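Since the structure of chain A is already known, use the hints to place chain B on it.
Each protein sequence line maps, in turn, to chains A and B. Take any residue in the first sequence, note its place counting from 1, add 116, and you have its number in my numbering. Take any residue in the second sequence, note its place counting from 1, add 116, and you have its number in my numbering.
Careful: at least some of the hints might be erroneous.
No distinction is drawn between identical chains; accordingly, a pair holds when it is met within one copy or between any pair of copies.
[Stated by the list, open to error] Derived DSS-like pairs: lysine-lysine, alpha-carbon spacing no greater than 25 angstroms straight-line:
1. K154 <-> K261
2. K423 <-> K154
3. K355 <-> K133
4. K364 <-> K261
5. K423 <-> K297
By construction, these hints were calculated from the structure, which means they are not laboratory data. As the structure is a computational prediction, the values presented were derived from the model and not from experiment.
Number of protein chains: 2
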Amino acid sequence: MAQDKLSKDLGEQGLLKLIQAYCATDIVGDDGAILNLKPSYQLVVTTDVLVDQVHFSDRTTSAVDVGWRAATANLSDLAAMGADPIGITVGLSLPGTTPTSWVEDLYRGLSRCLQQFDTPIVGGDLTRSEVITVAITALGQVQSKQIIARSQAQPGDAILITGYHGNSRAGLELLLNPELKTNLSDRERDVLIKAHQRPQARLDVVNKLRSIDPEARVAGMDSSDGLGDAIVQICNLSKVSADIHLDKISRSPSLQKLTTHYPVSEWIFNGGEDFELVLTLEPQLAHKLLTTLTPDAAIIGQIRATKPEVPQIRIFDQQQIIKLEESKLFQGFQHFLG
Amino acid sequence: MAQDKLSKDLGEQGLLKLIQAYCATDIVGDDGAILNLKPSYQLVVTTDVLVDQVHFSDRTTSAVDVGWRAATANLSDLAAMGADPIGITVGLSLPGTTPTSWVEDLYRGLSRCLQQFDTPIVGGDLTRSEVITVAITALGQVQSKQIIARSQAQPGDAILITGYHGNSRAGLELLLNPELKTNLSDRERDVLIKAHQRPQARLDVVNKLRSIDPEARVAGMDSSDGLGDAIVQICNLSKVSADIHLDKISRSPSLQKLTTHYPVSEWIFNGGEDFELVLTLEPQLAHKLLTTLTPDAAIIGQIRATKPEVPQIRIFDQQQIIKLEESKLFQGFQHFLG
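Just chain A, with the same shape it has in the complex (with noise of 0.2 angstroms):
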């Protein structure tokens, strides 16, 4: 059987073979690929590398699901700046021991995930490696007046999160502890499993900001690397402050229910991957915006002008000022909180 083979049985030519299957075929053959921007949109290039036991391992992350988390990652660091996206490239350095179905899986997960978008694999390389390492780079187009950036948030503007956070933190906790004792349904468990192993670039937000209003200013980034650190970002990037109002931040009725026994607060600050956007815009079109949300996308507080000049950012709890973990909540930030 195939799927028993491994790499070096297989051989380069063999494997590359393999993957063409995932990729355009319009693009085998030559040095580069060749691709199309749309005319007065400029190019969009985001860059990320995974490496295994560090972003991945087989305990918690089958081939298809590295290859699905490592398109969306990709795909949302486009979402975060407003991009469309054109296509990817995959670097893949593996050892000869790698079975062949495994890299067939990461290509399956690479594109099913990307076939959503309509977003072809448009060349890489392969080569040999003691380590698995996946580098992607992904293309995307953006309108010069449909950039969103980190430093372009203003004071009054909301800020919007584009659905729940932690839900990943906890999958991947009930992934590493698969013995743990909960209060979940296997429902329930599902749902933050799900939320670990197959996030959603939120490319569908950018495209109905656009067409609510295809030239609003609008700041914001992903959260890849945890709400509490884009919140920072964009604070620190536009010189402004903000006020987060905790209550308002939704979360999924399974991560609440972990509430008791968990850190939850600090998943939903700090855990990352969710990969939502935390957009800031004036709060209007926020509203327009939320309309077209599902129910877990919330306005969780305004951007206030920095004074004095270090930004900072309070965190509300029914309209009292708490003082959270400040090196957890933020970590590498605390200067930052109120």
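Just chain B now, kept in the frame of chain A:
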């Protein structure tokens, strides 16, 4: 001294700061870089992954040279398509024990090579791994009429090489076996070693070609995988045959001196990494182009119609068809040989 520090001592933020000194300043801060293509140009994308102990080794290649060679390999892929470079991304994974001086030297080598062509590093990723891996994606732009493709060679075309072949492989041999006794002077030795450590992408040839005839049909690729491989690939994808005249292939004086003791012909055909261009184009244009190049460039043969169906490559020495050692000349492509 900063040079003695290990990556792990500097931390990810410290290392990023060090790297950012070599990157385009306007791209730092957001998830992706934004680049402009000239109107009516198409995007060209190419990816290469280099792995420690597979593609480079401390024995033969300093970190500066690893960077230089990586940049050249990617720029050469763009030149092979007829494209102008617009930027590269660098996905770097490395062990915490890698000296920070190695990382800085890598970026120094990359940017020294790129600066020759005003090409910035526009983004990347940095992550931990047990094995140093450098994944580069190069971005270029080309007008559709100026694309050089492997598939567009036509019978009657002249086959032109832009420089010496075999020098890089000879240089590697000298680096691997420094104790080897040769009849080379120090200067002749250095020529070969430099060919290996500091190869040049032939973007200059692309510019010359355009100034002679902006819309000429040109087929070709680079000789990074060997001169023989390039000829075979072009013939295969263009469905044509080729006659190659061995005596027309320029040999550097240094390489010529090694002929008695080393398989110099094999190095010329299969050594690889010379990063010259192998072009097929109308004879008149080929001769015009040749007058603009240094004497190491040469017209080495002609493209013929393929008859029978399988492309044939005939190799002539002084008008005699010779049978070279097929398995060594065109590894894996023996059936193409006449």
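If the cut is 25 angstroms between Cα atoms, do K154 and K261 qualify within a copy, between copies, both or neither?
So K154 and K261 pass the 25 angstroms test inside a copy (14 angstroms) and across (18 angstroms) alike.
Pop the pair K423 and K297 into one bin, within, between, both or neither, using alpha-carbon distances up to 25 angstroms.
Intra 47 angstroms, inter 73 angstroms, cutoff 25 angstroms: neither.
At most 25 angstroms between C-alpha atoms: does K423 with K154 qualify within a copy, between copies, both, or neither?
neither (42 angstroms within a copy, 42 angstroms between copies)
Within, between, both or neither: K355, K133 at alpha-carbon 25 angstroms:
between (50 angstroms within a copy, 20 angstroms between copies)
With identical chains, the pair K364 and K261 could be close in the same copy or across copies; at 25 angstroms between alpha carbons, which is it: within, between, both, or neither?
neither (30 angstroms within a copy, 56 angstroms between copies)
The structure shown violates the earlier hints numbered 2, 4 and 5.
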